[in-house]
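K.L.:
Take each chain as given, in its own frame, and dock them per the hints.
As a plain string of letters, each chain reads:
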Amino acid sequence: MKETTYIKRPNRTLFIYALIYLAFLYIPVLFLPLFSFNDSIYIAFPFVGFTTKWYSQMYHNEPMFAALLNSIRVGGATSVIATLLGVFGAKAVTRYRMPGKPVAMFIIMLPLVIPGIIMGVALLIVVSRSGIPLSLYTVTLGHILVCVPFAMATLIPRFEGFDRSMEEAAADLGENAWWTFWRVTFPIVFPGILASLLLCFTISFDEFIMAFFLAGTDPTLPIYIFSQLRFPAKLPGVLAMGALILVVSFFVVVFSQWLRLRNSNDITSSGI
Amino acid sequence: MSGDESYIQISDVSKHFGPVVAVDNISVSIARGEFFSLLGSSGCGKTTLLRMLAGFESPTTGEIYIDGLPMSEKAPHHRPTNMVFQSYAIFPHLDVRQNIAFGLRTEKVSKEEANSRVDETLELVKLTGFGDRRSNELSGGQRQRIALARALIKHPKVLLLDEPLGALDKKLREEMQIELRSLQQSLGITFIFVTHDQEEAITLSDRIAVMSEGKALQIGSPKDLYNTPVSVEVADFIGQMNFVDAEVLDVKSGVAVIDTSGLGKVKIPTSADFAQKGARGVVAIRPEKLKISEKKSGALKNAVEGTLKSASYYGNRSHYHVTVEGSDQPMAVASQEVDIASGNTLDSDTPVWLSWEDGALILLPQPPA
Numbered sequence: 005m006k007e008t009t010y011i012k013r014p015n016r017t018l019f020i021y022a023l024i025y026l027a028f029l030y031i032p033v034l035f036l037p038l039f040s041f042n043d044s045i046y047i048a049f050p051f052v053g054f055t056t057k058w059y060s061q062m063y064h065n066e067p068m069f070a071a072l073l074n075s076i077r078v079g080g081a082t083s084v085i086a087t088l089l090g091v092f093g094a095k096a097v098t099r100y101r102m103p104g105k106p107v108a109m110f111i112i113m114l115p116l117v118i119p120g121i122i123m124g125v126a127l128l129i130v131v132s133r134s135g136i137p138l139s140l141y142t143v144t145l146g147h148i149l150v151c152v153p154f155a156m157a158t159l160i161p162r163f164e165g166f167d168r169s170m171e172e173a174a175a176d177l178g179e180n181a182w183w184t185f186w187r188v189t190f191p192i193v194f195p196g197i198l199a200s201l202l203l204c205f206t207i208s209f210d211e212f213i214m215a216f217f218l219a220g221t222d223p224t225l226p227i228y229i230f231s232q233l234r235f236p237a238k239l240p241g242v243l244a245m246g247a248l249i250l251v252v253s254f255f256v257v258v259f260s261q262w263l264r265l266r267n268s269n270d271i272t273s274s275g276i
Numbered sequence: 002m003s004g005d006e007s008y009i010q011i012s013d014v015s016k017h018f019g020p021v022v023a024v025d026n027i028s029v030s031i032a033r034g035e036f037f038s039l040l041g042s043s044g045c046g047k048t049t050l051l052r053m054l055a056g057f058e059s060p061t062t063g064e065i066y067i068d069g070l071p072m073s074e075k076a077p078h079h080r081p082t083n084m085v086f087q088s089y090a091i092f093p094h095l096d097v098r099q100n101i102a103f104g105l106r107t108e109k110v111s112k113e114e115a116n117s118r119v120d121e122t123l124e125l126v127k128l129t130g131f132g133d134r135r136s137n138e139l140s141g142g143q144r145q146r147i148a149l150a151r152a153l154i155k156h157p158k159v160l161l162l163d164e165p166l167g168a169l170d171k172k173l174r175e176e177m178q179i180e181l182r183s184l185q186q187s188l189g190i191t192f193i194f195v196t197h198d199q200e201e202a203i204t205l206s207d208r209i210a211v212m213s214e215g216k217a218l219q220i221g222s223p224k225d226l227y228n229t230p231v232s233v234e235v236a237d238f239i240g241q242m243n244f245v246d247a248e249v250l251d252v253k254s255g256v257a258v259i260d261t262s263g264l265g266k267v268k269i270p271t272s273a274d275f276a277q278k279g280a281r282g283v284v285a286i287r288p289e290k291l292k293i294s295e296k297k298s299g300a301l302k303n304a305v306e307g308t309l310k311s312a313s314y315y316g317n318r319s320h321y322h323v324t325v326e327g328s329d330q331p332m333a334v335a336s337q338e339v340d341i342a343s344g345n346t347l348d349s350d351t352p353v354w355l356s357w358e359d360g361a362l363i364l365l366p367q368p369p370a
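If you're matching them up, the sequences are chains A and B in order. Each residue of the first sequence is one higher than the one before, counting from 5 in our numbering. Each residue of the second sequence is one higher than the one before, counting from 2 in our numbering.
Treat the hints with care, as some may be off.
Unchecked claim - Listed below are the simulated DSBU-like cross-link pairs for lysine-lysine, each with C-alpha atoms no more than 35 Å apart in a straight line: (1) B:Lys171 with B:Lys158; (2) B:Lys171 with B:Lys109; (3) B:Lys302 with B:Lys172; (4) B:Lys302 with B:Lys266; (5) A:Lys95 with B:Lys292; (6) A:Lys95 with B:Lys112; (7) B:Lys112 with B:Lys171; (8) B:Lys172 with B:Lys109; (9) B:Lys109 with B:Lys127; (10) B:Lys266 with B:Lys224; (11) B:Lys310 with B:Lys292; (12) B:Lys297 with B:Lys268; (13) B:Lys216 with B:Lys253; (14) B:Lys290 with B:Lys310; (15) B:Lys171 with B:Lys290; (16) A:Lys105 with B:Lys75; (17) A:Lys95 with B:Lys75; (18) A:Lys105 with B:Lys216; (19) B:Lys172 with B:Lys292; (20) B:Lys109 with A:Lys95; (21) A:Lys95 with B:Lys290.
Quick caveat, the hints were computed from the structure, so don't treat them as lab data.
Extracted from the complex, chain B is given alone in its bound form (with noise of 0.2 Å):
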């Protein structure tokens, strides 16, 4: 038995699909009773990954382990992960409670047990007093729970879910995340959860791997990726971030002096390899780590002085666009400081200067061209 750090083990897996690479060596440990999410846009892999965990397809190369044991000679059917279904793949044939007791058939369960544990699962997903609907007569929500529910009643000890909210409209999708969060903290079960909205993935996981062509491109909590990211890649799928080509000028004992094109010469601490002298990068940062103000103050130390060329007022936030010299790119700022935010209006064409604290920026390698 392994421990429950690496209750989850995907070691080296591959799918090659004839020429296409659709996972691309990937390696990851998910713990029991983890919410772990699959992020990227369509493409990525992310999906045959998930359907390699439940047994559709086998990995081309590597291995995956459930529980410590290996998987890759196990049918779909003899696997202890259960799938919610993009799609759903409600049987249009069976009512509610007998698509919901499919999976009990070969528990050999007795009729009461089957039953009570049928009536169990549709309050689980709240859904009680449904279960004498055919298929075709419920909504998009009540499909999708009922999809959830057939899942939960085999007790999986991996629920595995394929964009199972892509197909709801906003606000049923913000219900439905509650409730799944809900649902996967008081039942304790490991979620493994594909997702192209990063926002989703952000609110509901504890970990999140975000991939690319087959690739992870980093695995972490939603904060380091959000707060650490280690490419432009990553950082630009997470949120909102500027970016401004650097280079590398010095590296003095673990401090790497930049010097970046609007953001003037900077230096940020950094164990990065790439970080030698004379390499190129990017350097980013988020648009909340950028303060904006009409005159330079001398308390900061990290400004550079722009030109304001639009701002947007939502209330309790504005968003400025600020040219800097030597950026084709304006930098978007979010700002929550209500003198600038309330009351004085700032015109276009205004000079400004932004200006941010040590360890908002962050170095990241070129991305490959």
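With the rest of the complex left out, here is chain A (with noise of 0.2 Å):
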């Protein structure tokens, strides 16, 4: 037997192709958090000198901390939002024979090839169109749109993963749709639903399109970044932004992918 087989063998282009990939992926990224530490305004080599006077300077800008805030209200609302939505949706279409349920899930997927701008204009005409002002209320409203789609996607294998046949023993054991759901179904599917609330959640934080159509005089985080490059003193303090955003976003994407790691895990071997 030969350690290498056709598998194995080692295969040195496609290392090469691999780093090269990793690096343009990531490279710029890291660009952020170094020249947040750079003692100059413009972003540019050589360094001039290490500084953490941007990452000061950020905690006193009461803007972008109320921008930032938005941003979290925004995400947060359309995170428990578009999760709900989606759990029902993901319960009806895996669980009961219904007419037209491709159709259905033909309309609900739709949002996901439909260019942000073109539903940004759309939803700008109907909610100016209907009296509504806008606000932070009506970006919530374009990003519940645009991750309901997510949240599905998510949910739906998660509900189809599991042996419907739980939910009809808890049925056969005494309990009504609704403690069926608290007792069985929602621990099942708690993984989903707390990877659905974090996609969601991510998913609103960094959308730009539909919030600068829909945004009132509040801005989002995104929009008020936008709005800071104009001015060249300001980007530093952007950049340390983005270094913390980076850092807590690296947590929360391992520690979902662990939760659904550690679950998935548990699914499997509790098969027969």
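P.N.:
Structure below.
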């Protein structure tokens, strides 16, 4: 027996390709934290010196914090509502026989492929025509529309993945639909719900186009950052904020992946 | 209240899934405390019928009564039935005790009572000491017992079992068969048991409904089904059977004179409607009801000559295949007679005589082509 099978045979070309790919993907991102410690308002080599003043400056930048808070609020509301709708939708399409299911699924998933700018303009027209003032609420509305397909796509495999006779067993043992959901369905799909919450929050948090059209006077963070690009002096502060967000998202992603793996192990090993 | 004899009444029940007829107009009464099996190959409608009893499907037409009460308006959680699922459906997020105690929440029992009932049930299914295990730490047999315990703790009037032993290996399955049977007898609960394994159904059941394509072909005790099947399909499904084509020559005072291709001219008492002069049919005989001998002895009334094709010895019994003129299928013979089974080995292509007693032959209608 040779150690190197066809699959395991080392392939130098592929290895180099993979390295270049990873470099292309992540080096630009790493410039963000790097330049956030550079003691110059110009983002260019060579480094002028190490500083943490952009971080302390950011700390006193109240409009930026307001925008961050806005984004967190919109993201929170969006993720909760979109996930809730996603749970209902995923349960409906995986559990019930209903006419026109493929059509319903198609319509629900459609926002995934409609360009954000078209959705944004369309929603703006509807909202302004119906006299609703633009605000964080209209941004949230737009984000929910964008996020529901993602929530569905995250949750449907989870609902499909577990034996539906478990829900029947709960009903058989005396529980009505509500308690069956709380005692059996919810705990089993919970990792999916968590994943959906995180995903929807992330999508909403960095969504720009819809927010740009639908925001009123309160900007979300992406809109605020975009508006600051016109002022070179503000840019390092934006970099500092970006670096912090990068660190937080890194941990959130690691956590959610860990959660997903741990629970998918759980569900597969408990099969027959 | 209805009597014990028709504790469960399935009355003209059909179930359609779109154009597919899963259950086709079945009527049966099941007595209190009976071990009743629904037997058939996959797709015959047995599981659909069971699911209608549990309330997961509702009949398209007809009605199911349990203890005299119509069930069609009752949701699964309001029925006096509990089910053991084919996949067991053990809740993966709960440990063994929590799984078994699951159904007690709605019964509003005190914590002490719940605990003692769980202990009792664990003992009943021989899982004492396993209460704190996670469900993914258990073997197939143990999971099966939990599924059983979880249903039994509810003290159901009717226990529905959907191929509960299908996933177990042969030895464990035989053990569980014995346990299920003694459990059923000691608890006195009506069991409705779905299986595709005819041996399992025969071993366990008081009565069996043999199902095919949504219909109940025959309902009866294992003995009835074995000795007096009403169709070729049932006769073929339960145990082994030899069939030869037959034509009814005449019927006189309840006895049909039949010309068979292979067994000669025979007389079989019959009261079946199809047994009219000139009708085509099938004559069947069990392998163990055929006797094989090298010479035709004068005492044998019913005998035909044939040629031995193969013989297999199993110590206490022997199996032979004998071709007879007129039938393309060789006749299977199972013999326990020592003089042939041991020692005197019969060679292939030896001429032999097959004989049978009066009453061993069964006249069946021609199966639909």
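K.L.:
Does each hint fit the structure? Answer for all of them.
P.N.:
To see whether the hints hold, each was checked on the structure:
As the CA atoms of B:Lys171 and B:Lys158 are separated by approximately 29 Å, the hinted pair is consistent with the 35 Å bound. Distance restraint check for B:Lys171 and B:Lys109: the Cα-Cα separation of roughly 40 Å exceeds the 35 Å cut-off, and the hinted pair is therefore not satisfied. Proximity of B:Lys302 to B:Lys172 is assessed by CA-CA distance (about 44 Å); at most 35 Å being required, the pair is judged violated. For the hint linking B:Lys302 to B:Lys266, the alpha-carbon distance of about 12 Å falls within 35 Å, and the restraint holds.
Among the hinted pairs, A:Lys95 with B:Lys292 is inconsistent with the structure: their alpha-carbon atoms are about 63 Å apart, more than 35 Å. The suggested pairing of A:Lys95 with B:Lys112 holds, with an alpha-carbon distance near 33 Å, which does not exceed 35 Å. Under the criterion of a C-alpha separation no larger than 35 Å, the hint pairing B:Lys112 with B:Lys171 is inconsistent with the structure, at around 39 Å. The hinted pair formed by B:Lys172 and B:Lys109 fails the criterion: a straight-line CA distance of about 39 Å is larger than 35 Å.
At most 35 Å may separate the alpha-carbon atoms for a hinted pair to count; B:Lys109 and B:Lys127 meet this at roughly 26 Å. About 27 Å separates the Cα atoms of B:Lys266 and B:Lys224, which keeps this hinted pair within 35 Å; it holds. Note on B:Lys310 and B:Lys292: the hinted pairing holds, with a Cα-Cα distance of about 15 Å set against a maximum of 35 Å. A threshold of 35 Å between alpha carbons decides the hint, and for B:Lys297 with B:Lys268 the separation of about 20 Å falls inside it, so the pair holds.
Proposed proximity of B:Lys216 and B:Lys253 is supported: the alpha carbons are some 33 Å apart, at most 35 Å. Of the supplied pair hints, the one linking B:Lys290 and B:Lys310 holds, its CA atoms being roughly 19 Å apart against a limit of 35 Å. Note on B:Lys171 and B:Lys290: the hinted pairing holds, with a Cα-Cα distance of about 29 Å set against a maximum of 35 Å. Taking the CA atoms of A:Lys105 and B:Lys75, the gap is near 27 Å; set against the 35 Å cutoff, the hint holds.
For the hint linking A:Lys95 to B:Lys75, the alpha-carbon distance of about 23 Å falls within 35 Å, and the restraint holds. Our distance criterion of 35 Å between C-alpha atoms is met by A:Lys105 and B:Lys216, whose separation comes to about 32 Å. For the given pair, B:Lys172 sits about 33 Å from B:Lys292 by alpha-carbon distance, which is consistent with the 35 Å threshold. For a cut-off of 35 Å, the pair hint linking B:Lys109 to A:Lys95 stands: about 29 Å separates their Cα positions.
Restraint check for A:Lys95 and B:Lys290: not satisfied, since their Cα atoms lie roughly 58 Å apart, outside the 35 Å limit.
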